[in-house]
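Number of protein chains: 2
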Amino acid sequence: MKVLEERIRQEGLILSGTVLKVDSFLNHQVDTELALQIGQEFAAIFGDQPVTKVLTVEASGIQFAMAAGIALGVPFIYAKKNKAVTLSEAVYSAPVHSFTRQEDYRISISRKYLGPEDKVLIIDDFLATGAALVGLCEIIAESGAELLGVGCVIEKSFQEGRGLLEQRGVPVHALARIASMSPGEIHFIDQEELIKESAGC
Amino acid sequence: MKVLEERIRQEGLILSGTVLKVDSFLNHQVDTELALQIGQEFAAIFGDQPVTKVLTVEASGIQFAMAAGIALGVPFIYAKKNKAVTLSEAVYSAPVHSFTRQEDYRISISRKYLGPEDKVLIIDDFLATGAALVGLCEIIAESGAELLGVGCVIEKSFQEGRGLLEQRGVPVHALARIASMSPGEIHFIDQEELIKESAGC
Numbered sequence: 001m002k003v004l005e006e007r008i009r010q011e012g013l014i015l016s017g018t019v020l021k022v023d024s025f026l027n028h029q030v031d032t033e034l035a036l037q038i039g040q041e042f043a044a045i046f047g048d049q050p051v052t053k054v055l056t057v058e059a060s061g062i063q064f065a066m067a068a069g070i071a072l073g074v075p076f077i078y079a080k081k082n083k084a085v086t087l088s089e090a091v092y093s094a095p096v097h098s099f100t101r102q103e104d105y106r107i108s109i110s111r112k113y114l115g116p117e118d119k120v121l122i123i124d125d126f127l128a129t130g131a132a133l134v135g136l137c138e139i140i141a142e143s144g145a146e147l148l149g150v151g152c153v154i155e156k157s158f159q160e161g162r163g164l165l166e167q168r169g170v171p172v173h174a175l176a177r178i179a180s181m182s183p184g185e186i187h188f189i190d191q192e193e194l195i196k197e198s199a200g201c
Numbered sequence: 001m002k003v004l005e006e007r008i009r010q011e012g013l014i015l016s017g018t019v020l021k022v023d024s025f026l027n028h029q030v031d032t033e034l035a036l037q038i039g040q041e042f043a044a045i046f047g048d049q050p051v052t053k054v055l056t057v058e059a060s061g062i063q064f065a066m067a068a069g070i071a072l073g074v075p076f077i078y079a080k081k082n083k084a085v086t087l088s089e090a091v092y093s094a095p096v097h098s099f100t101r102q103e104d105y106r107i108s109i110s111r112k113y114l115g116p117e118d119k120v121l122i123i124d125d126f127l128a129t130g131a132a133l134v135g136l137c138e139i140i141a142e143s144g145a146e147l148l149g150v151g152c153v154i155e156k157s158f159q160e161g162r163g164l165l166e167q168r169g170v171p172v173h174a175l176a177r178i179a180s181m182s183p184g185e186i187h188f189i190d191q192e193e194l195i196k197e198s199a200g201c
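Protein sequences, first through last, are from chains A and B. With UniProt numbering, the residue at position 124 of the first sequence is 124, and numbering never jumps. With UniProt numbering, the residue at position 150 of the second sequence is 150, and numbering never jumps.
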């Protein structure tokens with residue numbers, strides 16, 4: 001998604017080879033116009049499938065799950081993060097290790113809102129280590145719902161997240177794929193080139 | 001907002017005289033269509049003012065701040081909740097006491113995204129004790145921005161939040177105002193009646 005790559009080039013703050021801040025327009029201050037376009041892009045990618053619900057994890061996935069839900073005409077659910085496990089009602093839950101914060105937590109979704117009749121699209125802001133997204137996959141498997149795919153706004157392609165999801169047979173699409181970065185420099189995987197190659201051009 | 005009151009009557013789960021769960025359509029699973037209507041309602045209420053940014057607190061305010069931002073054509077910012085205070089860049093922050101969870105935390109917003117040139121609308125899902133919203137008011141005051149008003153989806157009118165905000169001179173609008181509730185029973189303040197009374201009818 002060219003407009004997204006351009007914004008990342010213009011406004012992204014690369015603090016190291018692994019840390020990219022995009023909080024001026026994606027995940028602290030949010031450009032609502034761009035968020036809607038991102039939702040439409042996910043709908044263009046996944047919209048030929050019978051998605052019934054979009055899933056994400058609080059907090060920074062919410063605006064993009066909402067935008068995808070708007071574009072697809074379906075509700076979304078955001079998994080809650082808890083340190084403590086006890087909740088007032090029955091939930092599906094999975095453990096997650098945050099490499100950024102070096103802490104363990106659980107994500108959970110009420111059993112009332114996910115079941116075998118659902119066909120689910122996972123949406124999140126970043127795909128990096130994939131820890132939270134693998135947790136969501138476990139929750140979906142436990143619920144009996146069908147997982148149609150994972151859509152992420154930005155992928156750090158040099159980290160293991162995509163590999164972990166693809167090992168589980170999950171289709172993964174990211175709107176901006178970062179091959180490598182360092183302060184002052186960022187390289188995206190040219191997705192148009194990839195499409196041409198896979199089409200045998 | 002009649003459609004919202006009806007949904008609360010149909011789907012809201014009243015656990016006690018103070019606890020209302022609306023997580024089937026507002027703040028866990030989210031009805032995107034209704035969320036957009038809520039955004040349009042806030043725009044109808046506040047749209048005659050020169051709002052430059054919508055502010056909320058993660059996580060459950062995000063979908064309504066996004067909807068209001070869409071309807072008003074402006075970006076939104078969600079304040080982050082932190083137990084620890086140290087952050088990598090300069091922030092405005094304020095202490096908040098959660099009565100629900102009986103814990104203290106801080107909310108913070110990057111100084112880069114809020115300043116004296118901004119005219120701000122606060123949006124949140126619930127107005128109850130008002131603790132987090134008063135924290136946001138303090139952050140806005142510190143930034144030099146102008147606070148135009150507070151819009152909440154649901155107000156528990158029997159708690160002190162509205163009073164605390166009005167003491168600060170802040171205009172407060174809620175789309176559904178609960179006068180009282182107990183398991184199996186809920187009473188809303190009739191806002192049409194209020195409008196007639198204030199118009200001298």
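Don't read these hints as lab results, they were simulated from the structure. Where is the CB? At the ideal position from N, CA and C, for every residue including glycine. One thing to keep in mind: the hints can contain errors.
Calculated cross-link-like contacts (lysine-lysine; reagent style DSS-like; alpha-carbon spacing at most 27 Å) [said to hold, decoys possible]:
1) A:LYS2 with B:LYS81
2) A:LYS112 with A:LYS81
3) B:LYS112 with A:LYS21
4) B:LYS119 with B:LYS81
5) B:LYS81 with A:LYS81
6) B:LYS119 with A:LYS112
7) B:LYS81 with A:LYS21
8) A:LYS119 with B:LYS119
9) B:LYS21 with A:LYS81
10) B:LYS2 with B:LYS21
11) B:LYS81 with B:LYS112
12) A:LYS112 with B:LYS2
13) A:LYS119 with A:LYS81
14) A:LYS81 with A:LYS21
15) A:LYS21 with A:LYS2
16) A:LYS21 with B:LYS119
17) B:LYS21 with B:LYS112
Just a few of them, taken from the derived set where beta-carbon distance is under 10 Å, the chain B residues facing chain A [to be verified]:
18) HIS28
19) ASP31
20) GLU58
21) SER60
22) ILE70
23) LEU72
24) ILE77
25) ALA79
26) GLY115
27) LYS119
28) GLY163
29) GLU166
30) HIS173
31) GLY184
32) PHE188
33) ASP190
Beyond 10 Å from chain A on every Cβ pair, some chain B residues (computed) [said to hold, decoys possible]:
34) SER24
35) GLN63
36) GLY69
37) LYS80
38) ASP104
39) ALA141
40) GLN191
Here is how each hint holds up against the structure:
With a C-alpha separation of about 32 Å, the suggested pairing of LYS2 (chain A) with LYS81 (chain B) is violated against the 27 Å cut-off. For the given pair, LYS112 (chain A) sits about 17 Å from LYS81 (chain A) by alpha-carbon distance, which is consistent with the 27 Å threshold. For the hint pairing LYS112 (chain B) with LYS21 (chain A), the CA-to-CA distance comes to about 13 Å; that is within 27 Å, so the pair holds. Between the alpha carbons of LYS119 (chain B) and LYS81 (chain B) the distance comes to roughly 23 Å, so the proposed pair stays at or under 27 Å and holds.
For the given pair, LYS81 (chain B) sits about 13 Å from LYS81 (chain A) by alpha-carbon distance, which is consistent with the 27 Å threshold. Proposed proximity of LYS119 (chain B) and LYS112 (chain A) is contradicted: the alpha carbons are some 40 Å apart, above 27 Å. Proposed proximity of LYS81 (chain B) and LYS21 (chain A) is supported: the alpha carbons are some 18 Å apart, at most 27 Å. In summary, the hint linking LYS119 (chain A) to LYS119 (chain B) is not supported, as the alpha carbons are separated by about 41 Å, beyond the 27 Å threshold.
Annotation: proposed proximity of LYS21 (chain B) to LYS81 (chain A) holds, straight-line Cα distance about 18 Å (limit 27 Å). This hinted pair checks out: LYS2 (chain B) and LYS21 (chain B) have alpha carbons roughly 18 Å apart, not beyond 27 Å. Using a Cα cut-off of 27 Å, the hinted pair LYS81 (chain B) and LYS112 (chain B) holds, with the two alpha carbons roughly 17 Å apart. For the suggested pair LYS112 (chain A) and LYS2 (chain B), the alpha carbons sit about 25 Å apart, so the restraint of at most 27 Å is met.
With a C-alpha separation of about 23 Å, the suggested pair LYS119 (chain A) and LYS81 (chain A) falls inside the 27 Å cut-off, and the hint holds. Of the supplied pair hints, the one linking LYS81 (chain A) and LYS21 (chain A) holds, its CA atoms being roughly 22 Å apart against a limit of 27 Å. At roughly 18 Å between alpha-carbon atoms, LYS21 (chain A) and LYS2 (chain A) fall within 27 Å of each other, so this suggested pair holds. For the given pair, LYS21 (chain A) sits about 25 Å from LYS119 (chain B) by alpha-carbon distance, which is consistent with the 27 Å threshold.
For a cut-off of 27 Å, the pair hint linking LYS21 (chain B) to LYS112 (chain B) is broken: about 35 Å separates their Cα positions. The closest approach between the C-beta of HIS28 (chain B) and any C-beta of chain A is roughly 6 Å, which is under the 10 Å cut-off, so the hint is satisfied. Because the closest C-beta pair between ASP31 (chain B) and chain A is about 5 Å apart, less than 10 Å, the hint holds. Against a cut-off of 10 Å between C-beta atoms, the interface hint on GLU58 (chain B) holds, since the closest Cβ of chain A lies about 4 Å away.
Interface hint status for SER60 (chain B): upheld, as the beta-carbon distance to the closest one in chain A is roughly 8 Å, under 10 Å. With a cut of 10 Å, the hint placing ILE70 (chain B) at the interface with chain A holds, because the nearest CB-to-CB distance is about 5 Å. Given hint, LEU72 (chain B) at the interface with chain A, holds; its Cβ is 9 Å from that chain's nearest Cβ, closer than 10 Å. Given hint, ILE77 (chain B) at the interface with chain A, holds; its Cβ is 5 Å from that chain's nearest Cβ, closer than 10 Å.
Annotation: interface hint on ALA79 (chain B) holds; nearest CB of chain A at approximately 9 Å, less than 10 Å. The interface hint given for GLY115 (chain B) is violated, since its Cβ lies 12 Å from the closest Cβ of chain A, which is over the 10 Å cut-off. For LYS119 (chain B), the interface hint is violated, since its Cβ never comes within 10 Å of a Cβ in chain A; the closest pair sits about 15 Å apart. Taking 10 Å as the C-beta cut-off, the interface hint given for GLY163 (chain B) is violated, the closest approach to chain A being about 29 Å.
Hint on GLU166 (chain B) is violated. Least Cβ distance to chain A is approximately 28 Å, over the 10 Å limit. Interface hint at HIS173 (chain B): violated, since its Cβ lies 20 Å from the closest Cβ of chain A, which is beyond the 10 Å cut-off. Taking 10 Å as the C-beta cut-off, the interface hint given for GLY184 (chain B) is violated, the closest approach to chain A being about 18 Å. At its closest, the beta carbon of PHE188 (chain B) sits 24 Å from a beta carbon of chain A; the interface hint therefore is violated under the 10 Å criterion.
With a least beta-carbon distance of about 29 Å to chain A, the hint placing ASP190 (chain B) at the interface is violated under the 10 Å criterion. A beta-carbon of chain A comes within 10 Å of the beta-carbon of SER24 (chain B); the shortest separation is about 7 Å. Residue placement check: GLN63 (chain B) does not keep its beta carbon more than 10 Å from all beta carbons of chain A (closest about 5 Å). The non-interface label for GLY69 (chain B) is inconsistent with chain A: the shortest C-beta to C-beta separation is roughly 4 Å, within 10 Å.
With a cut of 10 Å on Cβ distances, LYS80 (chain B) falls inside the contact zone with chain A, its closest approach being about 7 Å. Here ASP104 (chain B) stays apart from chain A, with its beta-carbon at least about 15 Å from theirs, past the 10 Å limit. For ALA141 (chain B), the shortest C-beta to C-beta distance to chain A comes to about 19 Å, beyond the 10 Å cut-off, and the non-interface label holds. Separation of GLN191 (chain B) from chain A is adequate, the least Cβ-Cβ distance of about 26 Å exceeding the 10 Å criterion.
Going through the hint list in order, the structure does not satisfy hints 1, 6, 8, 17, 26, 27, 28, 29, 30, 31, 32, 33, 34, 35, 36, 37.
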